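Under this note's numbering, the first residue of the sequence shown carries the number 1, and numbering increases by one thereafter.
Every clue listed holds true.
Now the in silico label distances, taken between C-beta atoms and shown as ranges:
id: 1; residue 1: Thr70; residue 2: Ile151; range: 15 to 23 angstroms
id: 2; residue 1: Gln66; residue 2: Lys26; range: 28 to 36 angstroms
id: 3; residue 1: Thr31; residue 2: Pro103; range: 35 to 43 angstroms
id: 4; residue 1: His60; residue 2: Asp148; range: 14 to 22 angstroms
id: 5; residue 1: Lys162; residue 2: Lys44; range: 30 to 38 angstroms
Taking lysine to aspartate or glutamate and the EDC-like style, the derived pairs with C-alpha atoms no more than 20 angstroms apart in a straight line are:
id: 6; residue 1: Lys56; residue 2: Glu146
id: 7; residue 1: Lys218; residue 2: Glu155
id: 8; residue 1: Lys8; residue 2: Glu149
id: 9; residue 1: Lys215; residue 2: Glu170
id: 10; residue 1: Lys121; residue 2: Glu84
id: 11; residue 1: Lys8; residue 2: Glu146
id: 12; residue 1: Lys110; residue 2: Asp94
id: 13; residue 1: Lys114; residue 2: Glu84
These are computed hints drawn from the structure, not numbers from a lab. Computed from a prediction, not measured in an experiment: that's the story for all the values here. Each residue gets a CB set at the ideal place from its N, CA and C atoms; glycine is no exception.
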Amino acid sequence: MTQEITPKIQDQLNLSALILKKNYKKAELTTWSGFELEDEMQVKQAKRLLKLFGIKSGLHLRNSLQRYETGQMVSHTFHTLALEFRMMTSTDFDAKYNAEQNPQTKTIYKMVWKYRFILKKQKLIGYEMAYYIFQMRLGHVLGFIETDEMILRLEEANHIIKSHFSSWGEFHRNVCLGDEYVLGGTEQDMSKFPGTETLWECYQRLHIQHADWFKEWKI
1 MTQEITPKIQ DQLNLSALIL KKNYKKAELT TWSGFELEDE MQVKQAKRLL
51 KLFGIKSGLH LRNSLQRYET GQMVSHTFHT LALEFRMMTS TDFDAKYNAE
101 QNPQTKTIYK MVWKYRFILK KQKLIGYEMA YYIFQMRLGH VLGFIETDEM
151 ILRLEEANHI IKSHFSSWGE FHRNVCLGDE YVLGGTEQDM SKFPGTETLW
201 ECYQRLHIQH ADWFKEWKI
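Generate coordinates for the entire structure from the input sequences, incorporating the hints supplied.
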């Protein structure tokens, strides 16, 4: 049975709005999944996105959610590299940076060096939990997860996010930094994600279209 979306639940679903809009700009943000379940083409799009994430069953979904929740997707590698860089002098870092041949890795090094102290506590948890909620919404399209379980998981995700960030701006900045870290400063492959925008473009559009949603940071 599909549960009603209360204002509290909508606020929690909105934590994934930026990622959802990047991956599917026609998403209806006031629904559980963001997709019209009666529209065959929208269901196919959700299925395609799930396939790109390697999710083909409820078990796959829950395994993926577990990795995002525990920081295994991004935060652990970011933390390890940031820890290494915190022990370096600027001369040490320059030597490591200049010795690296891969342009994408060099971009990641530069980003981690810049935020090695600032994100010591937060890491890239905002990015991971935004994806956690986004993948739940995708999974709901194919019936991999029901709304009663989503409510429980949303409550937990909301608690994790609100314990690390104090405003929508701070949270969304972390989501954007996580995206930058994962992509290594490159844009998403548009052949795989046709019709998508950059995360920055999505951020600007989202805050124009739904300005009232992102004013109050509800604990």
